[in-house]
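K.L.:
The task is simple: from the sequences and hints, build the whole structure.
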Amino acid sequence: MKNSTILMLIGIMILLVGGFIFLGSGKSSSAGNTGSAVINKGEAQKINLGTKNYNYYPDTIKVKAGQPVELTLDESVYGCLRSFTIKDLGIQEYSRSPEEKIEFTPTQKGTFAFSCSMGMGYGKLIVE
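At position 61 of the sequence shown the residue is numbered 61 (our numbering), and the sequence of numbers has no breaks.
Just so you know, the hints here were simulated from the structure itself, not pulled from any lab data.
Model, not experiment: these values are computed from the prediction.
The reader is advised that the hints may include incorrect statements.
[As the list claims (entries may be wrong)] Heads up, simulated BS3-like pairs for lysine-lysine below, C-alpha to C-alpha not over 25 Å straight-line:
no. : residue 1 : residue 2
1   : K124      : K109
2   : K101      : K52
3   : K87       : K64
4   : K101      : K124
5   : K87       : K101
6   : K124      : K52
7   : K101      : K46
8   : K62       : K46
9   : K87       : K124
10  : K124      : K62
11  : K62       : K52
12  : K124      : K46
13  : K109      : K87
14  : K64       : K124
15  : K64       : K46
16  : K46       : K109
17  : K62       : K87
18  : K64       : K109
19  : K62       : K109
20  : K101      : K62
21  : K87       : K52
22  : K101      : K64
23  : K87       : K46
P.N.:
Here it is as structure tokens:
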């Protein structure tokens with residue numbers, strides 16, 4: 001293939017991926033069907049996540065059940081890691097900057113996996 005055709009295909013792929021990220025990046029936190037988390041804007045347990053070795057840091061978080069959580073993705077978090085998901089709690093939110101907080105209240109004790117929307121960054125939330 002010609003170089004111009006290859007460049008055009010790469011450009012189209014970049015646009016498609018970028019569109020997917022932007023269209024799916026709206027705030028969409030919600031309590032899932034499990035009822036194990038609720039959105040809460042009150043006083044919260046504050047968690048700050050960064051990145052280390054291309055993963056969330058810290059990758060293990062402990063919180064108390066029934067108390068609101070306010071999670072911040074600091075400025076070191078980039079790309080798909082800004083799309084934070086805890087599937088078992090019905091949490092899926094995109095944080096564009098550290099000023100945008102991800103807030104929820106876990107109501108069920110247990111260990112829950114969290115990840116970015118693509119599963120590249122991951123960790124676990126321990127609710128005690």
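K.L.:
For every hint, state whether the structure bears it out.
P.N.:
Comparing the hints with the structure gives:
1. K124 to K109: This hinted pair holds, its Cα atoms lying about 13 Å apart.
2. K101 to K52: holds, 20 Å
3. K87 to K64: With a Cα-Cα distance of about 18 Å, the restraint between K87 and K64 holds, given a limit of 25 Å.
4. K101 to K124: holds, 18 Å
5. K87 to K101: Satisfied, since the Cα-Cα distance of roughly 18 Å is no more than 25 Å.
6. K124 to K52: holds, 15 Å
7. K101 to K46: The hint holds at about 10 Å.
8. K62 to K46: holds, 11 Å
9. K87 to K124: OK: K87 and K124 at ~11 Å, within 25 Å.
10. K124 to K62: Distance ~9 Å between K124 and K62 Cα, so the pair holds.
11. K62 to K52: holds, 18 Å
12. K124 to K46: Holds. K124 to K46 sits at ~16 Å (cutoff 25 Å).
13. K109 to K87: holds, 15 Å
14. K64 to K124: With Cα atoms ~14 Å apart, K64 and K124 stay inside 25 Å; holds.
15. K64 to K46: holds, 11 Å
16. K46 to K109: OK: K46 and K109 at ~18 Å, within 25 Å.
17. K62 to K87: OK: K62 and K87 at ~17 Å, within 25 Å.
18. K64 to K109: holds, 8 Å
19. K62 to K109: Satisfied, since the Cα-Cα distance of roughly 11 Å is no more than 25 Å.
20. K101 to K62: holds, 18 Å
21. K87 to K52: holds, 23 Å
22. K101 to K64: holds, 18 Å
23. K87 to K46: holds, 20 Å
Against the hints set out earlier in the document, no violation occurs for any number.
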